[in-house]
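Student: Top line first, the protein sequences correspond to chains Z and H.
Numbering of the first sequence is given in the numbering used here, commencing with residue 1 and proceeding in unit increments.
Numbering of the second sequence is given in the numbering used here, commencing with residue 1 and proceeding in unit increments.
For the record, the hints were derived by calculation from the structure and aren't laboratory data.
Cβ coordinates follow ideal geometry from the N, Cα and C atoms, glycine included.
So the derived label-pair ranges between C-beta atoms look like this:
{"id": "1", "chain 1": "H", "residue 1": "HIS7", "chain 2": "Z", "residue 2": "VAL60", "range": "21 to 29 Å"}
{"id": "2", "chain 1": "H", "residue 1": "ASN67", "chain 2": "Z", "residue 2": "LEU11", "range": "39 to 47 Å"}
{"id": "3", "chain 1": "Z", "residue 1": "GLU99", "chain 2": "H", "residue 2": "GLY41", "range": "20 to 28 Å"}
Here is what each chain is made of, one letter per residue.
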Amino acid sequence: SQTIHQWPATLVQPVGSPLSLECTVEGTSNPNLYWYRQAAGRGLQLLFYSVGIGQISSEVPQNLSASRPQDRQFILSSKKLLLSDSGFYLCAWSLNSYEQYFGPGTRLTVT
Amino acid sequence: GENVEQHPSTLSVQEGDSAVIKCTYSDSASNYFPWYKQELGKRPQLIIDIRSNVGEKKDQRIAVTLNKTAKHFSLHITETQPEDSAVYFCAAILANQAGTALIFGKGTTLSVSS
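Chain Z extracted, bound-state conformation:
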């Protein structure tokens, strides 16, 4: 069966520091991969999605970037964090572009 991992689970970073969040999927090949952000008490905002290695689409221009160096690995990065980057970051995967399954998330606090 498929499993999705995210790490770290929690992270506290100062403003202006870099960020790297990792997501990996096991038990499947060539998944569609997604990054979402959920601010406290808010909805799910689509940040990036990828249909294959090196293919990244951005939904919201901001100081974040994403990369997909391997088929089942999706990385979210920032060179300089802002206070507004705090939130719950969720990675998700899909095989058929329909049913989408979320990872456990990373809770990021920028201080």
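Chain Z is fixed; fit chain H onto it per the hints.
Tutor: Just chain H now, with coordinates in the frame of chain Z:
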């Protein structure tokens, strides 16, 4: 691009009552509409979905209806129980040359009191 509106933002019901959450979408080409349940501090979980070739789908106490002409869909929960308390999100599929992704509504916080 796709835009999804969801209401109400909060909903309080008594145990045993029914709950209805409604969503509208903007892209008439959307053909897939899932609903997710998110408990506090946890990841969203897919609870039911519907594709555009059907008007209604049921799974025990949960049902979803779709009106493609009006571009709206609804989640119906019957005989609510305290464990139904959570945030519920609707979504519609965004499709373009880069691929597909889900665009979510802002969520409905459902509280079921016993």
